[in-house]
Amino acid sequence: MILKLLPLVLFLALAGFLAKGLTLDPGELPSALIDKPAPAFELPTFAPEGEPFKPEDMVGKVWLLNVWASWCGPCIQEHPIITDLAETGVVPVVGLNYKDGANESTAWLNRFGNPFEAVLADREGRVGIDWGVYGVPETFIIDKAGRVRYKHVGPLSQEDVEQTLQPIIDELLDVPS
Amino acid sequence: MIRASSHAYFCLQWVCGAAFLMLLCVSAGQRVHAAEQLVSFDTPEQEALYKSLLVEYRCLKCQNQNLAGSNADLAADLKREIHLQVLDGKTKPDIDEYLVSRYGEFVLYRPRFNTVTALLWIGPFLLLAGGIVGIVVMARRNARRRAAEESQGGVAAGALHDGSISSAELERAKKLLE
Numbered sequence: 001m002i003l004k005l006l007p008l009v010l011f012l013a014l015a016g017f018l019a020k021g022l023t024l025d026p027g028e029l030p031s032a033l034i035d036k037p038a039p040a041f042e043l044p045t046f047a048p049e050g051e052p053f054k055p056e057d058m059v060g061k062v063w064l065l066n067v068w069a070s071w072c073g074p075c076i077q078e079h080p081i082i083t084d085l086a087e088t089g090v091v092p093v094v095g096l097n098y099k100d101g102a103n104e105s106t107a108w109l110n111r112f113g114n115p116f117e118a119v120l121a122d123r124e125g126r127v128g129i130d131w132g133v134y135g136v137p138e139t140f141i142i143d144k145a146g147r148v149r150y151k152h153v154g155p156l157s158q159e160d161v162e163q164t165l166q167p168i169i170d171e172l173l174d175v176p177s
Numbered sequence: 001m002i003r004a005s006s007h008a009y010f011c012l013q014w015v016c017g018a019a020f021l022m023l024l025c026v027s028a029g030q031r032v033h034a035a036e037q038l039v040s041f042d043t044p045e046q047e048a049l050y051k052s053l054l055v056e057y058r059c060l061k062c063q064n065q066n067l068a069g070s071n072a073d074l075a076a077d078l079k080r081e082i083h084l085q086v087l088d089g090k091t092k093p094d095i096d097e098y099l100v101s102r103y104g105e106f107v108l109y110r111p112r113f114n115t116v117t118a119l120l121w122i123g124p125f126l127l128l129a130g131g132i133v134g135i136v137v138m139a140r141r142n143a144r145r146r147a148a149e150e151s152q153g154g155v156a157a158g159a160l161h162d163g164s165i166s167s168a169e170l171e172r173a174k175k176l177l178e
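Which chain is which? The protein sequence lines are A and B, in order. Take the first sequence: its letters are residues 1 to 177, numbered as in my numbering. Take the second sequence: its letters are residues 1 to 178, numbered as in my numbering.
Because the hints were derived from the structure by calculation, they are not lab data. Among the clues, some could well be false.
Footprint (simulated), chain B over chain A, 3 or more residues, beta carbon under 8 Å [to be verified]:
id, stretch
1, 68-82
2, 129-136
Okay, derived cross-link-like pairs now, DSSO-like style, lysine-lysine, Cα gap no bigger than 30 Å in a straight line [said to hold, decoys possible]:
id, chain 1, residue 1, chain 2, residue 2
3, B, Lys92, A, Lys151
4, A, Lys99, A, Lys144
5, A, Lys54, B, Lys61
6, A, Lys20, A, Lys36
7, B, Lys175, A, Lys36
8, B, Lys174, A, Lys151
9, A, Lys20, A, Lys151
10, A, Lys144, A, Lys61
11, A, Lys61, A, Lys20
12, A, Lys99, B, Lys175
13, B, Lys92, B, Lys61
14, A, Lys99, B, Lys174
15, B, Lys90, A, Lys36
16, A, Lys36, A, Lys99
17, A, Lys144, A, Lys36
18, B, Lys51, A, Lys54
For each residue, glycine too, the CB sits at the ideal point set by N, CA and C.
Make a model of the complete structure from these sequences and hints.
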């Protein structure tokens, strides 16, 4: 009896996998950096210009790195959500301006608002490569020990922030410094 | 009449000239594009390594293309980085590791064999083995079942498929035909 049910069971299992697959994006790459130390770098800051930024400056804090560019459409879409998140003051959001011109990016910030604790100029995209950036926008969550804990590919929606990012951030904030 | 035709002839010349100029521009553009891809190396081995590497890595933006074939910005950046590393004397395993530590095993068209990718490499063979075992088990079970039926008279599960007819079946057939 059990053996007769086997093809049905196998079919249902396969159907389950395929159904789940329909909800996934086949082009999305999981980050190779999860749970690894954030790649070190030093980049100049602008808007406003200040001291060069290094990730090790943020050790002891939970923070977000938002990769954006003025030539990126979806970045405009997610910017209000990033702004809201930054304005709650729960986590600092550092902006990595990826392969962008100084004038264009400054104009973009003037137009859409600048919620970033620091805006980093990754003009050549070399820091982006070290972080495994393959498109814009992307957002990383880094913990107090300076390890990358989560990467979000694509624009953030309110839902993403509430249901995915916020729980992770809360969990990481609870960890003693 | 003569003025009209010379006007037409002049227009024709103008159009041909413009077309020729456009073709020139297009082909010149292609030459510039080809020039972007010219990279120099210290040794022919380095150049060969570089060329072989470009077809081994996936373009992460246009994921159906390798770095050699992709025009994406990211592909150009990665090509530049690989060029520098090859000039620096790095080997394929070094550059593989560089890319995989940033982008994951997916960047390699031929993934390395390790605990993460073991299932990917061995999986199809495991499934094949499982299928063969399954077939053998079912065939043996069928053969055993048929042998058991034959020794009991054979009617219960239907006629034997070797064309012969058992005595019990013969009796039944006679009864039905009466």
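The hints, checked one at a time:
1. 68-82: It is violated: at least three residues are needed, and the stretch 68-82 of chain A offers just 0 whose Cβ sits closer than 8 Å to chain B.
2. 129-136: Result for this restraint: holds, n = 6.
3. B:Lys92 to A:Lys151: 28 Å, holds
4. A:Lys99 to A:Lys144: 28 Å, holds
5. A:Lys54 to B:Lys61: Cα-Cα ~27 Å, so holds.
6. A:Lys20 to A:Lys36: Since the Cα atoms of A:Lys20 and A:Lys36 sit roughly 28 Å apart, the hinted pair holds (cutoff 30 Å).
7. B:Lys175 to A:Lys36: Outside the cut-off at roughly 82 Å; violated.
8. B:Lys174 to A:Lys151: 79 Å, violated
9. A:Lys20 to A:Lys151: 21 Å, holds
10. A:Lys144 to A:Lys61: It holds: about 5 Å lies between the C-alpha atoms, which stays within 30 Å.
11. A:Lys61 to A:Lys20: 36 Å, violated
12. A:Lys99 to B:Lys175: Violated, at roughly 91 Å.
13. B:Lys92 to B:Lys61: This hinted pair holds, its Cα atoms lying about 22 Å apart.
14. A:Lys99 to B:Lys174: Since the Cα atoms of A:Lys99 and B:Lys174 sit roughly 91 Å apart, the hinted pair is violated (cutoff 30 Å).
15. B:Lys90 to A:Lys36: At roughly 24 Å apart (the allowed maximum being 30 Å), A:Lys36 and B:Lys90 satisfy the hint.
16. A:Lys36 to A:Lys99: 25 Å, holds
17. A:Lys144 to A:Lys36: Given pair A:Lys144, A:Lys36 holds - Cα atoms ~13 Å apart, limit 30 Å.
18. B:Lys51 to A:Lys54: 35 Å, violated
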